[in-house]
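Chemist: Sequence:
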Amino acid sequence: MVTDERYDGKPLLRLLELYVLNVIGELAPDDREKLDAMAPKLRALYGGTGSWQEAVAASVRMPSDMPATIRAMWAKNQDIARANGMPLTPQRFAQMVVDDNFAG
Numbered sequence: 233m234v235t236d237e238r239y240d241g242k243p244l245l246r247l248l249e250l251y252v253l254n255v256i257g258e259l260a261p262d263d264r265e266k267l268d269a270m271a272p273k274l275r276a277l278y279g280g281t282g283s284w285q286e287a288v289a290a291s292v293r294m295p296s297d298m299p300a301t302i303r304a305m306w307a308k309n310q311d312i313a314r315a316n317g318m319p320l321t322p323q324r325f326a327q328m329v330v331d332d333n334f335a336g
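Quick note on this note's numbering: the sequence shown kicks off at 233 and runs consecutively.
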C-alpha cells in the first residue's frame, strides 16, 4: 500500500482509491490480500456485508451501479489521454475518481 501525505488522517481516501483500482482490474495482488484480511474490521467500521469492497462502498453510500460507471469512465478517460498523447496511470485515474466523486 502507498504511504503519502495525501492520506494523512484520511484512511478512507486510500481505501476508495484501492476500490477504484480493484474495479478497473489494476489492484496489486498484495494489496488485495491485505484488504481481504481487513474485511471484518472494515465491515465493523463502515458497514456493509461480506467483502472489503462492500464495506468501502457502504462507507460513502455508493450506488450499486458505481463499478460499471467507474469502468466506463476508465475506458473514456484512457481514450481521451491517448488522443492527447498523455499517459493516464491507473493510480492517477483512481485519485481523480475519488477526488471528483467522494472527497468531501
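Just so you know, the hints here were simulated from the structure itself, not pulled from any lab data. Please note that the accuracy of each hint is not assured.
Okay, derived cross-link-like pairs now, BS3-like style, lysine-lysine, Cα gap no bigger than 30 Å in a straight line [stated by the list, open to error]:
| no. | residue 1 | residue 2 |
| --- | --- | --- |
| 1 | Lys308 | Lys273 |
| 2 | Lys308 | Lys242 |
| 3 | Lys266 | Lys242 |
What follows is a list of derived Cβ distance ranges for each label pair [to be verified]:
| no. | residue 1 | residue 2 | range |
| --- | --- | --- | --- |
| 4 | Arg264 | Tyr239 | 40 to 48 Å |
| 5 | Pro319 | Glu237 | 22 to 30 Å |
| 6 | Gly282 | Asn333 | 34 to 42 Å |
Yeah, the Cβ is synthetic: ideal placement off N, Cα and C, and Gly gets one too.
Chemist: Does each hint fit the structure? Answer for all of them.
Modeler: Here is what the structure says about each hint:
As the CA atoms of Lys308 and Lys273 are separated by approximately 34 Å, the hinted pair breaks the 30 Å bound. Note on Lys308 and Lys242: the hinted pairing holds, with a Cα-Cα distance of about 28 Å set against a maximum of 30 Å. Taken as a hint, the Lys266 and Lys242 pair is honoured in the structure, with Cα atoms around 18 Å apart against an allowance of 30 Å. A beta carbon spacing of about 18 Å between Arg264 and Tyr239 contradicts the range 40 to 48 Å that was offered as a hint.
For the pair Pro319 and Glu237, the beta carbons lie near 23 Å from each other, so the given range of 22 to 30 Å is met. The hint said 34 to 42 Å for the Cβ distance between Gly282 and Asn333, and at roughly 22 Å that hint is violated.
Checked against the numbered hints given earlier, this structure breaks hints 1, 4 and 6; the rest are met.
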